[in-house]
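Hey, can you work out the whole structure from these sequences and the hints?
Residue 31 is where the sequence shown starts when you use this note's numbering, and the numbers rise one by one after that.
Just so you know, the hints here were simulated from the structure itself, not pulled from any lab data.
None of the values given here were measured: they were computed from a predicted structure.
It is possible that part of the hints are untrue.
[Claimed, not checked] Subject to a maximum C-alpha distance of 25 angstroms in a straight line, what follows is the list of computed DMTMM-like cross-link-like pairs (lysine to aspartate or glutamate): (1) Lys176 - Glu55; (2) Lys252 - Glu318; (3) Lys354 - Glu318; (4) Lys64 - Glu47; (5) Lys252 - Glu263; (6) Lys170 - Asp141; (7) Lys89 - Glu47; (8) Lys79 - Asp141; (9) Lys392 - Glu318; (10) Lys53 - Glu114; (11) Lys64 - Glu137; (12) Lys87 - Glu47; (13) Lys79 - Glu47; (14) Lys87 - Asp117; (15) Lys53 - Glu98; (16) Lys53 - Asp277; (17) Lys252 - Asp52; (18) Lys176 - Asp256; (19) Lys170 - Asp372; (20) Lys392 - Asp377.
[What the hints assert, rightly or not] Using C-beta positions, here's what the derived DEER-type ranges look like: (21) Glu250 - Ala48: 15 to 21 angstroms; (22) Glu250 - His45: 21 to 27 angstroms; (23) Pro80 - Leu56: 41 to 47 angstroms; (24) Asn96 - Arg34: 34 to 40 angstroms; (25) His229 - Lys170: 29 to 35 angstroms; (26) Ala194 - Arg105: 17 to 23 angstroms; (27) His335 - Arg105: 37 to 43 angstroms.
Every residue, glycine too, gets a C-beta built ideally from N, C-alpha and C.
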Amino acid sequence: MEQRVIVRGAPALYHCEAGILDKLELLLQPYACKRVLVVHGDRSLEAAKPFFPQQTKLKLLYLRYNGECTLEEARRIARYAQTEQADGILGVGGGKVMDVVKAAANESRLDAILVPTLASNCAAWTPLSVFYNEHGQFTKYTIFPKSTLMVLVEPRIALQAPVAYLRAGIADTLAKWYEADLLIRKLAHPSAAVQIAHHAARLCQSTLLEHGRQSIQDAEAKQLSDAFVQVAETIIMTGGMVGGFGDHLGRIAGAHSVHNGLTAAPATHGLLHGDKVAYGILVQLVLESNLPEARRLLPFYRDMHLPYRLTDLGLSGQDEATLKNIASAATHPNESIHLMKDGITADDVYQAMTALEDAIAKS
31 MEQRVIVRGA PALYHCEAGI LDKLELLLQP YACKRVLVVH GDRSLEAAKP FFPQQTKLKL
91 LYLRYNGECT LEEARRIARY AQTEQADGIL GVGGGKVMDV VKAAANESRL DAILVPTLAS
151 NCAAWTPLSV FYNEHGQFTK YTIFPKSTLM VLVEPRIALQ APVAYLRAGI ADTLAKWYEA
211 DLLIRKLAHP SAAVQIAHHA ARLCQSTLLE HGRQSIQDAE AKQLSDAFVQ VAETIIMTGG
271 MVGGFGDHLG RIAGAHSVHN GLTAAPATHG LLHGDKVAYG ILVQLVLESN LPEARRLLPF
331 YRDMHLPYRL TDLGLSGQDE ATLKNIASAA THPNESIHLM KDGITADDVY QAMTALEDAI
391 AKS
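Written out as structure tokens, the structure reads:
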């Protein structure tokens with residue numbers, strides 16, 4: 031596999047602390063940023079507004095985004111920012127808000143300041159956007175030439191979010207290890223950047239397995255704790271570093287292809303991204319002939335209420351046609367599952383899913 035990577039390791043400035051938004055004006059002073067366009071969703075603004083500075087000389091201009099990260103929406107936000115003579119664009123919300131603001135900032139040549147309201151993904155960290163059409167279907171992703179200026183994590187906002195998003199974020203970030211390790215361990219002499227990505231991926235796994243259960247309990251109790259903050263930072267920052275330093279060697283492999291395959295089954299459409307990736311990790315491990323590691327993860331999955339059986343996904347092991355359709359979609363020629371090794375077929379994935387079911391039934 032090609033080892034040459036482009037390092038896009040981090041935003042220019044990162045803070046994670048309670049009360050960080052009170053310092054917004056001070057943080058923006060060195061950049062002569064006085065008029066800020068705040069792009070948000072309805073729920074995200076409601077969640078974040080109590081933590082915004084009450085007294086500030088900043089001119090904050092609020093603009094609701096349309097609910098999807100499309101090219102046209104990014105252009106609309108960019109035009110609005112230019113018309114209002116904004117000095118920067120601040121995104122408040124989940125992954126799609128983060129992505130559309132990064133794209134709008136790139137389009138308008140303004141700095142992006144990102145305030146994630148969910149600890150569910152690393153979108154705030156990464157200098158790329160995933161685009162969809164107006165119907166919510168994936169179209170492409172774009173990597174930008176400039177990283178985000180600031181990522182400001184107010185952990186008390188993420189603590190108020192539905193716990194399901196944290197659980198899904200833990201699963202999606204756990205996959206960083208299993209997918210990156212699969213790709214990186216093939217290299218005889220990984221570069222320094224790739225080694226950093228590999229270590230970051232391992233840190234994702236060890237932190238989440240150690241503190242994931244406690245973070246969920248604390249989130250359910252709305253208790254800001256060390257475990258919650260460690261897990262939130264692992265999802266947002268450490269997870270972002272895997273791809274930031276590892277590039278294509280630190281992104282996706284089999285687990286995310288299985289996720290994409292599952293989207294072909296209508297029964298799974300109500301599940302969060304990370305829930306489907308969680309199941310994909312187990313299928314990838316079976317494809318690697320590493321069933322012992324899949325078994326080792328099962329107690330964690332059970333404690334975290336992550337899906338590990340077909341019934342957890344709303345599927346049936348008896349529905350051979352649906353399972354084969356999922357396996358076929360997961361092995362589309364453009365899918366990342368082929369980075370695992372050459373020659374993985376739809377039947378391989380189907381057999382891995384059924385083997386996983388059998389192993390769980392016997393456990």
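Going down the list of hints, with the structure as the test:
1. Lys176 - Glu55: Judged against 25 angstroms, a Cα distance of about 23 angstroms means the pair holds.
2. Lys252 - Glu318: Not OK: Lys252 and Glu318 at ~39 angstroms, beyond 25 angstroms, violated.
3. Lys354 - Glu318: 19 angstroms, holds
4. Lys64 - Glu47: Holds, because 23 angstroms separates the two Cα atoms, which is no more than 25 angstroms.
5. Lys252 - Glu263: Status holds; Cα separation ~17 angstroms.
6. Lys170 - Asp141: Holds, at roughly 23 angstroms.
7. Lys89 - Glu47: Holds, because 23 angstroms separates the two Cα atoms, which is no more than 25 angstroms.
8. Lys79 - Asp141: Measuring from Cα to Cα gives roughly 21 angstroms; hence the hint holds.
9. Lys392 - Glu318: 20 angstroms, holds
10. Lys53 - Glu114: 24 angstroms, holds
11. Lys64 - Glu137: Holds, at about 20 angstroms.
12. Lys87 - Glu47: Answer holds: Lys87 to Glu47 is near 22 angstroms, not above 25 angstroms.
13. Lys79 - Glu47: 16 angstroms, holds
14. Lys87 - Asp117: 14 angstroms, holds
15. Lys53 - Glu98: 30 angstroms, violated
16. Lys53 - Asp277: The given pair, whose Cα atoms are some 32 angstroms apart, is violated under the 25 angstroms limit.
17. Lys252 - Asp52: 21 angstroms, holds
18. Lys176 - Asp256: With a Cα-Cα distance of about 32 angstroms, the restraint between Lys176 and Asp256 is violated, given a limit of 25 angstroms.
19. Lys170 - Asp372: Holds. Lys170 to Asp372 sits at ~24 angstroms (cutoff 25 angstroms).
20. Lys392 - Asp377: With Cα atoms ~23 angstroms apart, Lys392 and Asp377 stay inside 25 angstroms; holds.
21. Glu250 - Ala48: 15 to 21 angstroms: 19 angstroms, holds
22. Glu250 - His45: 21 to 27 angstroms: 26 angstroms, holds
23. Pro80 - Leu56: 41 to 47 angstroms: Distance hint for Pro80, Leu56 is violated at roughly 19 angstroms.
24. Asn96 - Arg34: 34 to 40 angstroms: About 38 angstroms separates the Cβ atoms of Asn96 and Arg34, which means 34 to 40 angstroms holds.
25. His229 - Lys170: 29 to 35 angstroms: 30 angstroms, holds
26. Ala194 - Arg105: 17 to 23 angstroms: 32 angstroms, violated
27. His335 - Arg105: 37 to 43 angstroms: Holds: the Cβ-Cβ distance is about 40 angstroms, inside 37 to 43 angstroms.
The earlier numbered hints that this structure contradicts are 2, 15, 16, 18, 23 and 26.
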